[in-house]
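Protein chains in written order, with the working numbering: chain A, 1 to 281; chain B, 1 to 320.
No lab work stands behind these hints, which were simulated from the structure alone.
Here a beta-carbon is modelled for each residue, glycine too, at the ideal position from N, C-alpha and C.
The reader is advised that the hints may include incorrect statements.
With the C-beta cut set under 8 angstroms, the calculated list includes, among others, these residues of chain A facing chain B [stated by the list, open to error]:
1. Lys-24
2. Phe-25
3. Arg-27
4. Leu-66
5. Ile-70
6. Lys-71
7. Cys-72
8. Leu-86
9. Ile-89
10. Gly-92
11. Gly-96
12. Pro-130
List of simulated lysine to aspartate or glutamate pairs, EDC-like, C-alpha gap at most 20 angstroms [unchecked claim]:
13. Lys-267/B to Glu-166/B
14. Lys-24/A to Glu-166/B
15. Lys-24/A to Asp-14/B
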Amino acid sequence: MSDENKPAVKRSVVQGRQLANRRKFIRSVVLAGGVVGLAMFGYVPVANARKSRMRPPGALEEHDFLSSCIKCGQCVQVCPVAAIKLDDIDHGFGIGLPFIDSRTQACDFSCDAVQCILACPTGALTYVKPGFADLREGMKLAHPPVLKAKEKDPEPTLNLKERTGVARLSRPEACLAVQGKGFKGQTRGADFKGRMRYMDVDRWKPIAVRDHPYERNLCDLCVTECPIKDAIKMEVLVGADGVKSYKPVVLEQCVGCGVCEMVCPVETTAIVVDERKAWGA
Amino acid sequence: MGAFERIKVMLGADPQKPTEFTPEARQIHDLKRMTKADFEALKQHARDHQLVTHKWRNRRWAVLLFSNLLFTFSFWLDIQLLEGSLSASRFAGFHLIDLNSALQVMLAHKHIIVNLFIGTATVFVLWAALGGRSFCSWVCPYHLVAEWFEWLHLKLVDKKLVTDHEFHRGSRTVFWVLFSLMALVSGYTVFETISPTGILSRALIYGPSLALGWVTLILLFEVLYSRRAWCRYVCPIGLTYGMVGAISPLRVQYRLENCFHEGDCRKVCLVPHVLDVVIKGRAADKHVAIGPDCTRCGLCIDVCPSGALRYDVKGLSKLM
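Take these sequences, add in the hints, and give me the full structure.
Dropping the structure here:
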């Protein structure tokens, strides 16, 4: 190698290093854009959600719930009937957030104290809403809900001030009571895995709904199985011809727990809970 | 290297050569130069008698698996010892909240309840005592999986089938700032959506999820394109705990007099920039504490043939 070539070689080494550094920088920018872009994709399912999820009792309004939930699942772990499940990545920013599918397994308050709220470490589920959280008209319950199971206890109420939604007779034409029909057997069939607490069986241990068959001359499961006092009643109408007709009517004390939706023997259910819905809305 | 400079290196700056040396350090450096032949013989001797050990790695894997499975069994067997997942939990009733998840929630929600504060403070004190990023290597489930896939990556590199593409280490600092800003502005805990730590922890406790597909993609990226890319260049959790580790007394200590400058430690290290000090002529003092970005994983301690790297608790050796 001649002496004149040496500086040229040196320069090319320096150039090579500069080029490598430039490549590394561009790669890093692409990485940053790619990862942040992918993360932002999480907004799409949130924005597209056609209807909001049914959240556990005491949940903040949806946007506040999304920002405050730390996705730990402690609410899942304390629920005695395993009503609470966690969302997956197809829910974008909603990944790891708890929800309840009432038809599969409703919250029947068999914990007596809304344990999920007690378990929440961040206040995403809360007994008392913080000052800034918006309170929609009709979300607040007129008075503390009385838990039928605790009716004889010194403190019969649930420490719950707001509803999670309201039940609605969505298909009155399919309702057995409206048709004047009774119901006999296992509601939801022999394969149904849902569980519930039956006071006449065991106050502290929920059992499978299929192990508790019913026999009713007029189907009124949504009324009798409702865990909250004065939340739903069977309305009796006497026609001009003296013939009685029946219809379950949801009352203002309904907290939206979803037990009526779970126990309704009709497929597809005749009664549903509209999550996040306010009374009168 | 001062504490401030070590934090700068963690944020992405290149480690600088020291300008001042202590007399002891200078003496050792000079001695190593002067007795070159003897030094080489010593080096060979140390190599020949090296005990191949995975002591710290095995201990670490055991702790990592135990702590993650404690969550799982606590839930499955309903023993209620450790309820929740890595983002937030309760150990025998005491709140524990992951520092980065807490940060995201605080920024997004802008409202801190007492339990959130207590849990965050407890975990802060815990990891300040235990070394900060030791969370990464001793607890984070993604770290363990990534370690296994790193082995595959290194095999492929060895066979010249793939090459490691490095990114700028400052990317992680940029990610930390971006994810914090996004949480603050949008009100969504954006990072949690893609965090493999949260996804894996929940999957271990609550069952498999679609989100594991995303974790698989990150692992593939690491195997085929860039070694340990998530932990090295992206994960803001690592930086959050790194900052806590900056004040921790528990760290790896480098002993210049025992070092043969072979560089095996830097080859196995997740964050080799913290081991810049082991390069010949770089140590400014006889004993140097490794910087806050170190995950205290102990791979370097296991691989060092001459005991130049060891765990150390600041002040403890003086006391004893």
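Among the hints numbered above, which are violated by the structure, and what are their numbers in rising order? none
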